[in-house]
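Trainee: What follows is the residue order along each chain.
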Amino acid sequence: MKRISYVFFLILVLMFLYMPVFLLAVYSFTDSESMGIIRAFSLDNYKTLFTTPELRNMIAGTFGLAIVTAVISVILGTSGAIGAFYSKRGIKTFIDEANQIPVVNADVVTGFAVCICLIVVMNMRKETFVPLIIGHVVLAVPFVYMSVIPKLKQMDESLYEAALDMGATPFTALRKIVLPQLASGILSGFAMAVTLSLDDYFITTYTKPATFDTISTYVVNATRGAQTEIKTALWALSTIIFIAIALIVLCMNIGTGKERKNV
Amino acid sequence: MKKYFSRRYLCIPYCIFLIFFVVLPVIVIFYYAVTNGEGEFTLNNLSAFFSSGYAIGTLLYSIAIAFTVTVVCLLLAYPVAYILAKGGIRKNNVLLLLFITPMWINFTLRITALKEVLTAIEGNIAYYPFINTIIGMTYDFLPFMILPLYTTITKIDNTFSEAAQDLGADSVKVFFRITLPLSVPGIISGVMMVFLPAMTNYVILDMLYNSTFIMGSLIGSYFSAYDWHNGSMISIILLFIILAANFVTDRFADGNAGKGRAIL
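Protein chains in written order, with my numbering: chain A, 1 to 263; chain B, 264 to 527.
Quick caveat, the hints were computed from the structure, so don't treat them as lab data.
Here a beta-carbon is modelled for each residue, glycine too, at the ideal position from N, C-alpha and C.
Each hint should be verified, as a subset may be incorrect.
Each pair of labels, with its calculated beta carbon distance range [unchecked claim]:
1. A:Leu179 to B:Thr305: 49 to 57 Å
2. A:Val130 to B:Glu303: 30 to 38 Å
3. A:Ile11 to B:Asn356: 15 to 23 Å
4. B:Tyr489 to A:Lys176: 50 to 58 Å
5. A:Val121 to B:Ala383: 41 to 49 Å
6. A:Asn57 to B:Val435: 53 to 61 Å
7. B:Val357 to A:Arg56: 33 to 41 Å
8. B:Thr305 to A:Arg175: 49 to 57 Å
9. A:Leu159 to B:Leu430: 47 to 55 Å
10. B:Arg514 to A:Val26: 45 to 53 Å
11. B:Leu323 to A:Leu159: 54 to 62 Å
Using the sequences and the hints given, assemble the complete structure.
Mentor: Have a look at this one:
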């Protein structure tokens, strides 16, 4: 009895979490303009999504920005973590503490502060995309740093020393010995940077060029507008992203499941 | 022979980045908050905030929203985390993943979906702004509450509750005297993950046609009015609230669980 009520409760919460996205997915395959009115099956939303240049550019821009952000964040965060790990106490404390600022801070405040500092004070131009990219990196890089540091703690120090003793230059030793041992941390940092950048709304609105939109800013603007064609095309986008994430999670899970069996 | 290259030099780019783009912006908004348009020092921005009924009303409304959302999230997330961790259902990360996957779907798209459902149910969602905002934020933030709670509850040693049962405590007593106190670090982390975003994420209100403001929307409206000084003051006030909350909770919170957003 207890078990049944447990399962029942879990199912209720799952329904709350998934029902809207799921219903939207169903309606995205019809030609209806709002929920509750079922008309005929149609793929028009998907056609609009992939053929409207504005929508295509927006999607490509969002993913482009996320990749650029993640690459910069991984380089900066990984080198920062390695450097900080071997630095004197004072410097390490400074990096650790400064690193926490964007993590605990509200995104609105981070976005506003970055915007004022870069655009109003330093006079950078939004059109160059530099403030936007810096803003996204500010948001993402602390998480790369935080996922690399634990791997450094687990690392076997003697391997690096051995490589140096056998004549490797510090750079070669870093590349061949240290980086492979940090790989899993770097990878999860990269994934986190991509998700944070894709999900961000606030930093983007404060620093983006007027003509550029990410999925988040575009969706928010579209809900204010009255173009139903665009609105329902976004249902299709939501469905595709939902399916893509479900597949990624599934693959990750199968992957880790296999690893566990091998151990 | 001392090497010219040391690994610690690798932190120089990140140090410079942090100084210019993380620390400096905070100093800049602090400077803007305590100066006026002519660059003179003034506390007018601060007193303007605390003497304006509108601003105070906004602060109170955000606290009301954030408090309600946090309580609702906690009431939903705690049983979920507890059942997943101790419910005797086969321990399986797949189930947990089901509950936290939504946090990887773009939140504006998820709120769009919710908005369509609410519109279909209620007709015009603008009639119930408060309740819809609560539903919207709960829908968005619930996974962030479940994850730290689960991490903490799953670590609680079963022998404690077994010992309590052996000594004659009934299950209600075991829960309130053993499990609940031991899960406090997770509760605090979860509350932090939900309360602060709920005070600042004004996009959810916007999208659900709630015309009342929360603290985040004040920054947004000052931003669109090019009023850097008052906007900075609001940011600083929020920053102080956040730092104070972190300072208090750092003592209790579970180090790992606090970074709920960081666990992938």
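Trainee: Would you mind marking each hint as holding or not holding in the structure?
Mentor: Status of each hint after checking the structure:
{"no.": "1", "hint": "A:Leu179 to B:Thr305: 49 to 57 Å", "result": "51 Å, holds"}
{"no.": "2", "hint": "A:Val130 to B:Glu303: 30 to 38 Å", "result": "31 Å, holds"}
{"no.": "3", "hint": "A:Ile11 to B:Asn356: 15 to 23 Å", "result": "18 Å, holds"}
{"no.": "4", "hint": "B:Tyr489 to A:Lys176: 50 to 58 Å", "result": "53 Å, holds"}
{"no.": "5", "hint": "A:Val121 to B:Ala383: 41 to 49 Å", "result": "47 Å, holds"}
{"no.": "6", "hint": "A:Asn57 to B:Val435: 53 to 61 Å", "result": "59 Å, holds"}
{"no.": "7", "hint": "B:Val357 to A:Arg56: 33 to 41 Å", "result": "35 Å, holds"}
{"no.": "8", "hint": "B:Thr305 to A:Arg175: 49 to 57 Å", "result": "54 Å, holds"}
{"no.": "9", "hint": "A:Leu159 to B:Leu430: 47 to 55 Å", "result": "51 Å, holds"}
{"no.": "10", "hint": "B:Arg514 to A:Val26: 45 to 53 Å", "result": "48 Å, holds"}
{"no.": "11", "hint": "B:Leu323 to A:Leu159: 54 to 62 Å", "result": "58 Å, holds"}
Taken one by one, the earlier hints all hold for this structure without exception.
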